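Q: Here's the letter readout for the chains.
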Amino acid sequence: MEKPSILQNFDAKWAAIAAAVGILLLFVVLPMLYLIWRSVFIEGSFHFETYRQVYAQSANWKAFINTIYVSLAVTFVSVAVSFPLAWLVGRTDLPGKGFFRTTFIASYMIPPYVGAIAWTQLTSPNAGYLNDWLMATFGLAKAPFDIYGMGGLIWCLTLFYSPFAFITISRALEKMDPSLEEASRIAGASPLGTLWRVTLPLMFPSVIAGGVLVFIGVGSAFGIPAIIGMPAQIEVLTTRIVTYVYLGTGKGVRDATALAVSLMLAANFILYASTWLLARKDYVTISGKSTRPVLVELGRWKWPLAGLVSLYGFIAIILPMGSIVITSMIKSLSRPITLDNLTFRNWLAALHNDQYMTPLWTSFVTAAVAATAATAIAVFVAYLLIKTRTRGRTIPDSLSTLGGATPSIVIALALIITFSGEFGLNLYNTLAILIVAYMVKYLTMAVRTIAASMSQVHSSLEEAALNSGATWLQSLRDIMLPLIGPSLVAGWFLVFMPSFYELTMSIILYGSKTKTIGVLLYELQTYADPQDASVLAVIILFIILVGNIILRKVSKGAIGI
Amino acid sequence: MAEIRINCVTKKFGEVKAVDNFCATVGDGEFVSILGPSGCGKTTMLRMVAGFEKPTAGEIYIGDRLVSSPDKGIYVPPEKRSIGMVFQSYAVWPHMTVFENVGYPLKIKGLAKSEIAVRTNKALDLVHLGGLAQRLPSQLSGGQQQRVALARALVAEPDLLLLDEPLSNLDAKLRESMRFEIKELQKKLGVTVLYVTHDQAEAMAMSDRIVVMNAGVIHQIGDPVQVYETPANKVIADFIGLVNFLDAEAGEGGVKIPALGRTVHAPAGLGGKAVAAVRPENIALAAPGAGLTGTVIHKSYLGDTVDWRIELGGEQIRVIAPASAFQEYSAGDSIGLSVDKVMIFPA
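So the sequence lines, in the order shown, correspond to chains A and B. Using the numbering used here, the first residue of the first sequence is number 7, and each one after it goes up by one. Using the numbering used here, the first residue of the second sequence is number 5, and each one after it goes up by one.
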């Protein structure tokens, strides 16, 4: 007689999956619920008093309004710029479009706070390179640009968050079944008519999806608002939350909690509203075949448009990155930019400065541990989602998505209040709390990548292994993992890189011995030393670049940040 | 001993019965095919034997071992069933060489490297892949990948081999030669085979017995001659081979078939409307005037034979005749017919 099925079903597969789910419950669900709980249960009674008090202060209410206003403005501008760019790059005979695509997507990998530092260098009213140059060239009496203001904030956020929209829209354009457009052409519509009547309506869901990503990204952003907004007295929710946490008082944390919950609810509301909207407009526009769409010929507009796109690329990426590199190499900031005023000495000095190298190493280790843990968990979450038919198999995946969609600042605050000993686990000021935060925020990147790869593995390949007598763990080791190997590496890097340069969560989670590179850079920029900030930014950009090259190599160009 | 006993197995997906009360036995060393159109539940049945699906009700024995019984809470997972299986998609692992693929079941058993090498090479020789051991699957043709899958299924010398439409992805010529090869291998190794296919020619060519399934239900179990010559019902007659259906009426004196102008003996219990079924090869052409007379509607030249459509007594029938015969007849001409072997089914 065989053993009863209950015992037989308790095998390695379910144990592993249960462990993954358990970790998600502990580090995603518990902190979020506890955060909400703490914001409405004060000293044993349930009320919304904290919210009333918090929003009674005009500074907080203003920050809330600013957050919504800035997010909406950046979203509209991003979509309005990204759609034409994505169309030009994906569907026309624009010269150099492969290069442009890589460039626009690449701007996604630049940490936003590095972009903010660059733009303060370029357009600060008293010493911005761009201002100086324009004043000297055109004999202006006054600096033409001032980055410190609402306009500068929206400008900088748009440049560094619009890639979310660009990537979403251009992927959808590339995947769209071209026969849908061809049918319109056959029916007599012109290329532009087709764009207007067929392509644009079909792209509506991805335009919305891209817009939502921008909206939530901007609403949760801390780096750019802190570096550009705060000096101009423009506060948003994230900067208010950090200020409250830095007060270090119980009331400060309580006020931060109320603001964080507001931010979380706003983000979730937008996310679910868009999902609901898109669910009703679920077009099947993606065919399984990879067909090559007929390109729209731009004719005499070709070169003018190429010039315009180049200009955008120059302003969005080359100008700010050039500014960072030059600042990092300049001998004397008070003298003009000439070759004999440039040196590599600043870089060497930074590399020998322990105060800089320790945070770099801290970031490297925490990001690597978070990436490794996230990849391991993602394997089981993805397996459960893709390869089993169990009821509730989508729950762990949803939890990882929830972590990814929750504003970083909210995750950080939730972890602080939950794991400062409240539940027998005190991670405050430890490396572990940074690792957990990175994992919660970026796990979904690994899950998405690995799940996509797993769904390409036909189930008969695994069945053949079981049939050969292999246990589930053996078949995972011998068949599944080797087959999805590249996606494991890709998933690892997709967690590692954003964790490595993370700022928003690190700024409230770091302790005196666990300062990260993002925090260090922010401190250097805000308090003292723009030049060393640039040196460190160059080092970060270099590491990201190397990581991205590895990622592209491993995934054969399919994945890159 | 690898007899398979499937006792009244039912498999439901939600409310849909994919397999309904399937009872059959495959004897030790026997080659049995489950034949049916796609979606009839045959692959689901095979996967229940393999252990990839669990029955909703019923019992499955492999040899004397009860491997699935929801009532008794018994379910043996696939890796504990010692079965060889060939998948429709071959499921050859793309990251392993031919040798690694075929040797995998032995590696899992924990055999010594030297023994794995000996037995793997033996299995490869068996399927004529001796020289390709170090190739990767991407360097093989579809037919060769098929042989890798077969070698992998046989390498551990299982008592039972399951094949899920293994030939359906091959081209027609290769398919016919593989039928023969698989049958030869089975005879040589004495392994019990359960084979799933929708191709009746394949089932007829290889099987000792055929289980004909439709819509989750077994319609007939019999050897190839039985299912072809005495199909259990109209559906099977239609599914296996070509058949002409003619209106008929069962009455006191037998079954009257107006198109043939003939009354035949009625099977027991038949009354009212009926159908007469005649295989195209059981109709012979003749000069007009001899036997029945029909009108040629259309003829298709197929090389060795000609496929005729002929109007007879208000119904259209199909006749397959040698290409050389009656070449001069064409559409609109009258032609003589003689009909042999008529099957009668309830309408």
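Careful, some of the hints might be misleading.
No more than 30 Å apart at the CA atoms, straight line, and that leaves these computed lysine-lysine pairs for DSS-like [unchecked claim]:
no., chain 1, residue 1, chain 2, residue 2
1, B, LYS76, A, LYS19
2, A, LYS393, B, LYS238
3, A, LYS19, B, LYS21
4, B, LYS117, B, LYS76
5, B, LYS21, B, LYS117
6, A, LYS181, A, LYS393
7, B, LYS260, A, LYS393
8, B, LYS126, B, LYS76
9, A, LYS19, B, LYS303
10, A, LYS559, A, LYS393
11, A, LYS559, A, LYS257
12, A, LYS393, B, LYS303
13, A, LYS521, A, LYS337
14, B, LYS16, A, LYS19
15, B, LYS187, B, LYS84
16, B, LYS260, B, LYS303
17, B, LYS16, B, LYS76
18, A, LYS257, A, LYS68
19, B, LYS192, B, LYS238
20, B, LYS192, A, LYS393
21, A, LYS19, B, LYS84
22, B, LYS187, B, LYS113
23, B, LYS111, B, LYS126
24, B, LYS126, B, LYS58
25, B, LYS126, B, LYS187
26, B, LYS58, B, LYS84
27, A, LYS393, B, LYS191
28, B, LYS113, A, LYS19
29, B, LYS111, B, LYS192
30, B, LYS126, B, LYS113
31, B, LYS187, B, LYS111
32, A, LYS393, B, LYS187
33, B, LYS191, B, LYS126
34, A, LYS19, B, LYS117
35, A, LYS393, B, LYS126
36, A, LYS19, B, LYS111
37, A, LYS181, A, LYS521
Read the hints as simulated data drawn from the structure, not as lab findings. Predicted model only: the values in this text are computed from it and were never measured.
Q: Is LYS16/B within 30 Å of LYS19/A, Cα to Cα?
A: 25 Å, holds
Q: Is the hinted pair LYS111/B and LYS192/B satisfied, with a Cα-Cα distance of at most 30 Å?
A: 25 Å, holds
Q: Would the pair LYS111/B and LYS126/B pass a check requiring their Cα atoms to be no farther apart than 30 Å?
A: Satisfied, since the Cα-Cα distance of roughly 15 Å is no more than 30 Å.
Q: CA of LYS559/A to CA of LYS393/A, is that 30 Å or under?
A: 27 Å, holds
Q: Check the hint pairing LYS187/B with LYS84/B against an upper bound of 30 Å on the C-alpha distance.
A: Roughly 26 Å between the alpha carbons, so the hint for LYS187/B and LYS84/B holds.
Q: Going straight from one Cα to the other, do LYS257/A and LYS68/A come out at no more than 30 Å?
A: 20 Å, holds
Q: Hint check: LYS393/A vs LYS303/B, CA-CA at most 30 Å. Holds or violated?
A: 52 Å, violated
Q: Within a Cα-Cα threshold of 30 Å, do LYS19/A and LYS111/B meet the stated pairing?
A: With a Cα-Cα distance of about 21 Å, the restraint between LYS19/A and LYS111/B holds, given a limit of 30 Å.
Q: With a cut-off of 30 Å on the C-alpha distance, tell me whether LYS126/B and LYS187/B pass.
A: Roughly 18 Å separates the two Cα atoms, so the pair holds.
Q: Need the status of pair LYS126/B, LYS58/B: alpha-carbon distance at most 30 Å?
A: Distance of about 34 Å is beyond 30 Å: violated.
Q: Run the distance test for LYS260/B versus LYS393/A: straight-line Cα separation, threshold 30 Å.
A: Violated - the C-alpha atoms of LYS393/A and LYS260/B are around 58 Å apart, more than 30 Å.
Q: Taken at face value, is the distance from the CA of LYS126/B to the CA of LYS393/A at most 30 Å?
A: 34 Å, violated
Hints 2, 4, 5, 7, 8, 9, 11, 12, 19, 20, 24, 27, 32, 35 and 37, counting from the list given before, are not met by this structure.
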